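Enquirer: Listed below are the residues making up each chain.
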Amino acid sequence: SQTIHQWPATLVQPVGSPLSLECTVEGTSNPNLYWYRQAAGRGLQLLFYSVGIGQISSEVPQNLSASRPQDRQFILSSKKLLLSDSGFYLCAWSDTYEQYFGPGTRLTVT
Amino acid sequence: RKEVEQDPGPFNVPEGATVAFNCTYSNSASQSFFWYRQDCRKEPKLLMSVYSSGNEDGRFTAQLNRASQYISLLIRDSKLSDSATYLCVGVNTGNQFYFGTGTSLTVIP
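Residue numbers (this note's numbering), protein chains in the order written: chain W, 440 to 549; chain C, 1234 to 1342.
Check each hint, because a few of them may be wrong.
Said to hold, decoys possible - Estimated spans, in silico, between C-beta atoms of each pair:
1) W/Ala448 - C/Leu1307: 33 to 43 Å
2) C/Gly1327 - W/Gln441: 13 to 23 Å
3) C/Glu1248 - W/Gly480: 17 to 27 Å
4) C/Asn1298 - W/Tyr536: 13 to 23 Å
5) W/Asp534 - C/Pro1342: 34 to 44 Å
6) W/Gly480 - C/Lys1278: 15 to 25 Å
7) C/Lys1312 - W/Ser456: 36 to 46 Å
8) W/Gly491 - C/Arg1309: 36 to 46 Å
9) W/Asn502 - C/Glu1248: 45 to 55 Å
10) W/Gln509 - C/Asn1245: 43 to 53 Å
Claimed, not checked - Stretches of chain W that chain C covers, calculated by requiring three or more beta carbons in the stretch to come under 8 Å of a beta carbon on chain C:
11) 477 to 491
12) 533 to 547
If you are wondering where the hints come from, they were derived from the structure by calculation, not from laboratory data. These numbers were taken from a predicted model, which means no experiment stands behind them. C-beta atoms are modelled at their ideal positions from N, C-alpha and C, and glycine is treated no differently.
I would like the entire structure built from these sequences, with the hints used as guidance.
Expert: Structure, rendered in structure tokens:
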């Protein structure tokens, strides 16, 4: 069966510091991968999605970037965090239809 | 206009009640639809797919109306454990997922 891992579970970072969040998927090949952010009390905002290694599409302009160095690995990065980057970051994978989420990383920028 | 819109609620219903959520979508090219459940501070989890013919899973029934471009979720005999936020999702032909902002449900003893 497929599983999706995200780490860390929680993170507190100062403004201006770098960020690296990692997501890995097991039990499937060539999945579509997604990064979402959910601000407190808000809906899901799609940040990036990837249909294959090195193929990244960005949905919104921001100070974040994503990379897919391996088939089942998706990384979200920032060089300098802003206060507005605080939120719940969710990685998800899909094959053809349904989408499945990882447990998420709760980021607080102070 | 958002791709998918739903009433944020909150819906507060007594145990045993029947509650229905509706969700409208703007992109007629949307191919697939789903309902997800999200508990507080947790990730969304797939609840059920939505088909034009309607589908039922225990106390939950989902329906799709392509002519009016809406999907619905009906929960019968509400349980305390049904308290959560329910998200509707549309997927287009490019496999892009569009999530609604969610409808909050609280089932009261």
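Enquirer: Work down the list of hints and note, for each, if the structure agrees.
Expert: Consistency of the hints with the structure:
1. W/Ala448 and C/Leu1307 have their C-beta atoms about 34 Å apart, which keeps the hinted 33 to 43 Å range intact.
2. Between C/Gly1327 and W/Gln441 the beta carbons are some 22 Å apart, a value that agrees with the proposed interval 13 to 23 Å.
3. For the hinted restraint 17 to 27 Å between C/Glu1248 and W/Gly480, the CB-CB distance of approximately 26 Å keeps it satisfied.
4. Distance hint check for C/Asn1298 and W/Tyr536: the Cβ-Cβ separation is about 20 Å, which falls inside the suggested range of 13 to 23 Å.
5. Between W/Asp534 and C/Pro1342 the beta carbons are some 40 Å apart, a value that agrees with the proposed interval 34 to 44 Å.
6. Distance hint check for W/Gly480 and C/Lys1278: the Cβ-Cβ separation is about 19 Å, which falls inside the suggested range of 15 to 25 Å.
7. A C-beta distance of roughly 44 Å is found between C/Lys1312 and W/Ser456, which places it inside the suggested range of 36 to 46 Å.
8. A beta carbon spacing of about 43 Å between W/Gly491 and C/Arg1309 agrees with the range 36 to 46 Å that was offered as a hint.
9. In this structure the hint that W/Asn502 and C/Glu1248 lie 45 to 55 Å apart at CB holds, the actual value being about 46 Å.
10. Between W/Gln509 and C/Asn1245 the beta carbons are some 46 Å apart, a value that agrees with the proposed interval 43 to 53 Å.
11. Only residues whose beta carbon comes within less than 8 Å of a beta carbon in chain C count, and the segment 477 to 491 of chain W has 6; three or more means the coverage holds.
12. Here's how the segment 533 to 547 of chain W fares: 11 of its residues keep a CB closer than 8 Å to some CB of chain C, so the rule of at least three is met and the hint holds.
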